[in-house]
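Trainee: One letter stands for each residue in the lines below.
2 protein chains.
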Amino acid sequence: MYDNVRINGGRLWDSLMEMAEIGATPKGGVNRISFTEEDRKSRGLFTTWCKAAGLSVTVDKFGNMFARRPGRSPELAPVMVGSHLDSQPTGGKFDGAYGVLAGLEIVRCLNDAGIETERPIEVVNWTNEEGAILKPMIGSEVFTGALALEDAYAMTTPTGTAESGLDDIGYKGDVALWSYPVHSYFEAHIEQGPILEDEGLRVGVVTGAFAQRWFTLKFEGLEAHAGPTPMAIRRDALVGAAHAVIAVREIASRVDGRRGTVGCLNPYPSSPNVIPGTVDMTIDFRHDDEEDLIRMTEELAEAVEAIAKDNNLDYELTPTVHISRIPFHETLVGHVRKAAEDLEIPHCDIVSGAGHDACHMAKVIPTTMVFIPCEDGISHNEAENITSDDSEAGCNVLCHAVIAAANMTQDLELSS
Amino acid sequence: MYDNVRINGGRLWDSLMEMAEIGATPKGGVNRISFTEEDRKSRGLFTTWCKAAGLSVTVDKFGNMFARRPGRSPELAPVMVGSHLDSQPTGGKFDGAYGVLAGLEIVRCLNDAGIETERPIEVVNWTNEEGAILKPMIGSEVFTGALALEDAYAMTTPTGTAESGLDDIGYKGDVALWSYPVHSYFEAHIEQGPILEDEGLRVGVVTGAFAQRWFTLKFEGLEAHAGPTPMAIRRDALVGAAHAVIAVREIASRVDGRRGTVGCLNPYPSSPNVIPGTVDMTIDFRHDDEEDLIRMTEELAEAVEAIAKDNNLDYELTPTVHISRIPFHETLVGHVRKAAEDLEIPHCDIVSGAGHDACHMAKVIPTTMVFIPCEDGISHNEAENITSDDSEAGCNVLCHAVIAAANMTQDLELSS
Chain A
222 MYDNVRINGG RLWDSLMEMA EIGATPKGGV NRISFTEEDR KSRGLFTTWC KAAGLSVTVD
282 KFGNMFARRP GRSPELAPVM VGSHLDSQPT GGKFDGAYGV LAGLEIVRCL NDAGIETERP
342 IEVVNWTNEE GAILKPMIGS EVFTGALALE DAYAMTTPTG TAESGLDDIG YKGDVALWSY
402 PVHSYFEAHI EQGPILEDEG LRVGVVTGAF AQRWFTLKFE GLEAHAGPTP MAIRRDALVG
462 AAHAVIAVRE IASRVDGRRG TVGCLNPYPS SPNVIPGTVD MTIDFRHDDE EDLIRMTEEL
522 AEAVEAIAKD NNLDYELTPT VHISRIPFHE TLVGHVRKAA EDLEIPHCDI VSGAGHDACH
582 MAKVIPTTMV FIPCEDGISH NEAENITSDD SEAGCNVLCH AVIAAANMTQ DLELSS
Chain B
222 MYDNVRINGG RLWDSLMEMA EIGATPKGGV NRISFTEEDR KSRGLFTTWC KAAGLSVTVD
282 KFGNMFARRP GRSPELAPVM VGSHLDSQPT GGKFDGAYGV LAGLEIVRCL NDAGIETERP
342 IEVVNWTNEE GAILKPMIGS EVFTGALALE DAYAMTTPTG TAESGLDDIG YKGDVALWSY
402 PVHSYFEAHI EQGPILEDEG LRVGVVTGAF AQRWFTLKFE GLEAHAGPTP MAIRRDALVG
462 AAHAVIAVRE IASRVDGRRG TVGCLNPYPS SPNVIPGTVD MTIDFRHDDE EDLIRMTEEL
522 AEAVEAIAKD NNLDYELTPT VHISRIPFHE TLVGHVRKAA EDLEIPHCDI VSGAGHDACH
582 MAKVIPTTMV FIPCEDGISH NEAENITSDD SEAGCNVLCH AVIAAANMTQ DLELSS
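These protein sequence lines are chains A and B, in that order.
Here the first sequence stands for residues 222 to 637, numbered as in this note's numbering.
Here the second sequence stands for residues 222 to 637, numbered as in this note's numbering.
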């Protein structure tokens, strides 16, 4: 009965462009780090749009925002659809914002068509997905109870704590976390990889997400003067760190599907004529194959041990983030796949290499995702780009899948 | 006639320890970066001590300090002796301070012995030798005219400019730069390398200083998300930088006497889950053999070209510092060697691997240096250490050489 419903692709695009003006960077990206003025402004614009669409907006104690459209049975658990409006320091216009504004566009579309769903629909904006400060995906982690609110509040940021950051922008809400049942959660997102574009497809039916293991690695050698200190007696922590960067690259390149990245690396004391005595660095490992991910960590431990020995360095390799392989909910994945088929939009199944708020949600609430291609697979980059046509296609698939879920009268088993 | 003159080693040591309280770090080093409160305090203590020794203290327009003891012929060009009181952020107690306070101890010793030299003697404290901010050895560079005062003033620091920095600590003096002839310049310093200690010697007769070539190197690739971006298509600037760190190490290790160091390396945007799109780094090459130093730079250029190609990166390799091999003045080197022989202090000829204010002075004024051993060859490190006996031996050699120069009635030819 909703076969002819189509979202308004032009309106969605215009909203994406207007949102991208907040924190716009000279290179065409956005800088909307959590707890900044830009974060505050983007939340304000989202609120204004939600209210204009007749939604009631609430903010929970960790700043997560929920904009509700009532259903025919307002007492039923709602279908949530959303993502995040925060960005990396040099992020793109679509990472996160696409999922939030696609959720909003669905509601606008239902309003236009005068369609009432059985269940309420809530458009969500999660706090601090990016992890540019704090850890990534913390808003959904706190919401789902995987991280205690008081522990999250106490986390330090460059300007204070998470709690003071929420206070600073006026988004420490008063609504309790996860205070009512949620039927299901949908998140649309740019792929952040090259697969859909390479295959000429418009939509990814996301069946799950990569497992992740993150580490910090510290090498300690001996600071010394760059001039008189002979090469043979040096204990240069940066030489050790350089070998570790290359080892991470080699380990990740050894088996298809592995990912390994060093994103942060800080030599100390950082003076041109001082041999670095200490280097701190981060390592991010991901894989669809959880057993092989464990092998990666074993290979890393061996490599670091050998590097430290070869370069006469001490080291500390510390696990920091551990996320298991996430399977998404089969019924919801089926809704997305069927929507793509019915709409005749070219699609394939795909596994997410990135972490998303959907990964936390999937542990406690039936969840799935919809991907759209991004140009050259680039994200976390000011050059990140999508086409308006793909944006529209992905949002139509999301819309039909959300309508299907919002018209389910029965609850879903999480383990399905 | 001065054969029996000996400096007071205990007094010198006490002065070193008292000066080291200014900017003292928990690990036993000092943090006396230029234009900080610690810089101001160390200059104040030096002034107090100089005045107590009857010296007249002047400050030039770049903050260089000169404490004069008149000679029998006060109209003659003075002999200068000194070094610097600033330090690296995690520097040691002796790098620089030893040379300034050894100069002061010579004057105190001459006062005690009632000795009047033919020429005036000036104890010097140069501004910002370390280059922890600004470029290294800038005070002597400006003094000798190698760098124009207005250009030096305009250089930016973390808090403003060099000029505002001097104003902040009250050491933008009113005396013109190099406004009277200087007969000769002596600088005592810790070796900052392991040679004297390894050979069981107490004094290095410094015949010159290594040539230096510094570079900045920027790699540019493509920022992208650490999860979904397959390894094969990445343009990871940090992987390029890591190969460059190892190339610098390999080039410097290939031929005896070469030195190569990467002290600073900054990936951008520095987020654990973003592939670094840009890395800036520094390279410091040194060598006693100027022709082989040129070969090092050629090898670097080839290596960087290959690394950029292999990793699909753009790069900019920019020369920043170029210091020629410095020969010290044969007559003055002879005075130092003779003093060590007369005093029967074990010594050898040595070439400085580090840059010193003496290197700028040597280009325009007859100059030499005296080295003493430092523990394990370590400097630019809070663990930097010397023995009181070596401190005393080096200062006695310096004292006798300075007296010899200060009693020369003739001027010296620079080209000698």
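It should be emphasised that the hints constitute simulated quantities derived from the structure, not laboratory data.
Among the hints, a few may not be true.
Just so you know, same-sequence chains aren't split out, so a pair can sit in one copy or run between any two.
Pairs of lysine-lysine residues, derived as BS3-like cross-links and limited to a Cα-Cα distance of at most 27 Å, are as follows [to be verified]:
1. K439 - K248
2. K248 - K559
3. K530 - K248
4. K248 - K584
5. K393 - K584
6. K272 - K248
7. K584 - K272
8. K272 - K356
9. K248 - K282
Please read all numbers here as calculations on a predicted model, not as lab measurements.
Trainee: Compare the structure with each hint and give your call.
Mentor: Status of each hint after checking the structure:
In this homomeric assembly, K439 and K248 come within 27 Å of each other (Cα to Cα) only across copies, at 19 Å, whereas the closest approach inside a single copy is 33 Å. With identical chains, the CA atoms of K248 and K559 are never at most 27 Å apart, being 38 Å at best within one copy and 65 Å at best between copies. Taking CA atoms no more than 27 Å apart as the test, K530 paired with K248 passes between copies only; the shortest distance there is 25 Å, against 43 Å inside one copy. Within a single copy, K248 and K584 get their C-alpha atoms no closer than 37 Å, and across copies no closer than 47 Å, so neither meets the 27 Å cut-off.
In this assembly of identical chains, the alpha carbons of K393 and K584 lie at most 27 Å apart only when taken from the same copy (25 Å versus 65 Å across copies). For the homomeric pair K272 and K248, neither the shortest alpha-carbon distance inside one copy (32 Å) nor that between copies (58 Å) is at most 27 Å. For a Cα distance limit of 27 Å, the shortest separation of K584 from K272 qualifies neither inside one copy, at 31 Å, nor across copies, at 74 Å. For the homomeric pair K272 and K356, neither the shortest alpha-carbon distance inside one copy (30 Å) nor that between copies (57 Å) is at most 27 Å.
With identical chains, the CA atoms of K248 and K282 are never at most 27 Å apart, being 35 Å at best within one copy and 43 Å at best between copies.
Of the hints listed earlier, those the structure fails to meet are numbers 2, 4, 6, 7, 8 and 9, in rising order.
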